[in-house]
Structure formats: C-alpha cells, structure tokens
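Count the sequence shown with mature numbering (1 follows the signal peptide of the UniProt record, and there is no 0) and you get residues -28 to -1, 1 to 192, in order.
Simulated from the structure, these hints should not be mistaken for laboratory data.
One or more of the hints may lead you astray.
[Stated by the list, open to error] So the derived label-pair ranges between C-beta atoms look like this: (1) LEU55 with ALA141: 15 to 21 angstroms; (2) ALA140 with GLN78: 17 to 23 angstroms; (3) GLY77 with PRO111: 20 to 26 angstroms.
Glycine is no exception: its CB is placed at the ideal position from the N, C-alpha and C atoms.
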Amino acid sequence: MSIPIRLARQAGWAVLLCLACWSGAAGALELNPDRLRHAAETRYGPQALQAVADWLLQLHNDAALPERDKLERVNDFWNRSILPAEAVARPALDWATPLEILARGQGAYADYAVGKYFSLAVLGVPVDRLRFIYVEARPLEGRPVPHMVLGYYATPGAEPLVLDNLAAAVLPATQRPDLIPVFSFSAGGVYLDERRATPADRVGRWRALLARMRREGLEP
C-alpha cells in the first residue's frame, strides 16, 4: 500500500471519529414479534416466516450478552443468513427493511448494515453509538468499489469497531487497511467531510424505511 493511500485512510477515520462526538440519538427500537411474524407469512410465505423466526430466536438468545458480544453475534448472524448480491430488485433509491432482507435471503452491502443496525437497536445498544459508514473497499486485486459498513463507537471519540459482511471478525477501523472511509451518517444526521448535512434524498429514504418498518411490527 502506498503512503498517500495509507495517510488518506488514517485521516478519513480520524474525521469520522471526531464527528462521532456529536450525538443525535433516536429512541430504542421496539419489536412486535406477532405482527412481524404475521407480516412475514402473509406477504412472503413460509420461508420468510422461518427466517424471521430464526432472527427472533437469535435476538432472544443474545439479549443478556455484554455489548461487545452482541456486536459479534449480530455481525455473524447477518453475514451467514444473507447471501451477497450486487444488485437486488426493489424500488429505485429505496432501502430494505430487515423483514424484506430476510424474506429475500440476499442483499447488497447496505442491506447487511441495515439489518445489523436495527438488530443492535432491538438488543438495547444505544443508537448514538452506531453509524452507517460509506467506504471504498480496496481488494487485493482490482479497483476500489463502493461499500457500506456499520460502525460502533463505544464512547464519543472512540475508534469505531467495524461490522462488515466482507469480514467475519468485528475489528477496530485501524485494523481494516482495505477500507477507506468516505462519509458516515446515523438516524440523527448525515456527515460529509467535516460538516454535518442532511441531503433531502437520504432523509426521505430513511423516513420511508422507518414507515415501512412500523407497518411490519418494528417501532423506531
């Protein structure tokens, strides 16, 4: 890896670390298991119902774990439960709900991050510790590709831990030399460079996602 690339990566994570000091937390996520199971069965059928049942069981089993262990368990569940897909058929510029992702059984990089975010919210992890982080993933061979991971900040200003469908382990950002951060955002705001911004399209997509989740039995 060249020195400019390494410095760019370090600077990028440093910016995101500083931005994480701002807190714009949303409330904890409440889950209605009966409504969620009903939505899975009536909209998508028995296979989706089983996928949701597996998710609910995982959440139940993980509820009493320490927060660090919850990260590992949630990362592992979504990485092994969902097959990667570069392009998934759904309305343009739309983010999928956890139910939609589980019913489909495959997802793009953003779908993994969404599933992990809301799983951790259900498990009681404060959402002001979580950020969606857009990155450039640099494979050993080939050109960098757009990618998204979920970042967890244990304290304001802490180095984020990275939950990623490309990696089995949850590692500190500085141990992911293959990722170069671009910007991050949370339910409370969008961060670009060193300025907070809230592009209307992203806010609209986020609100549409939350509205569909409420209809499915997940209450942000």
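Hints versus structure:
1. Against the hinted window of 15 to 21 angstroms, the Cβ-Cβ separation of LEU55 and ALA141 comes to about 20 angstroms, which satisfies the hint.
2. In this structure the hint that ALA140 and GLN78 lie 17 to 23 angstroms apart at CB holds, the actual value being about 18 angstroms.
3. At about 25 angstroms, the CB distance of GLY77 to PRO111 agrees with the hint of 20 to 26 angstroms.
In summary, this structure violates none of the numbered hints.
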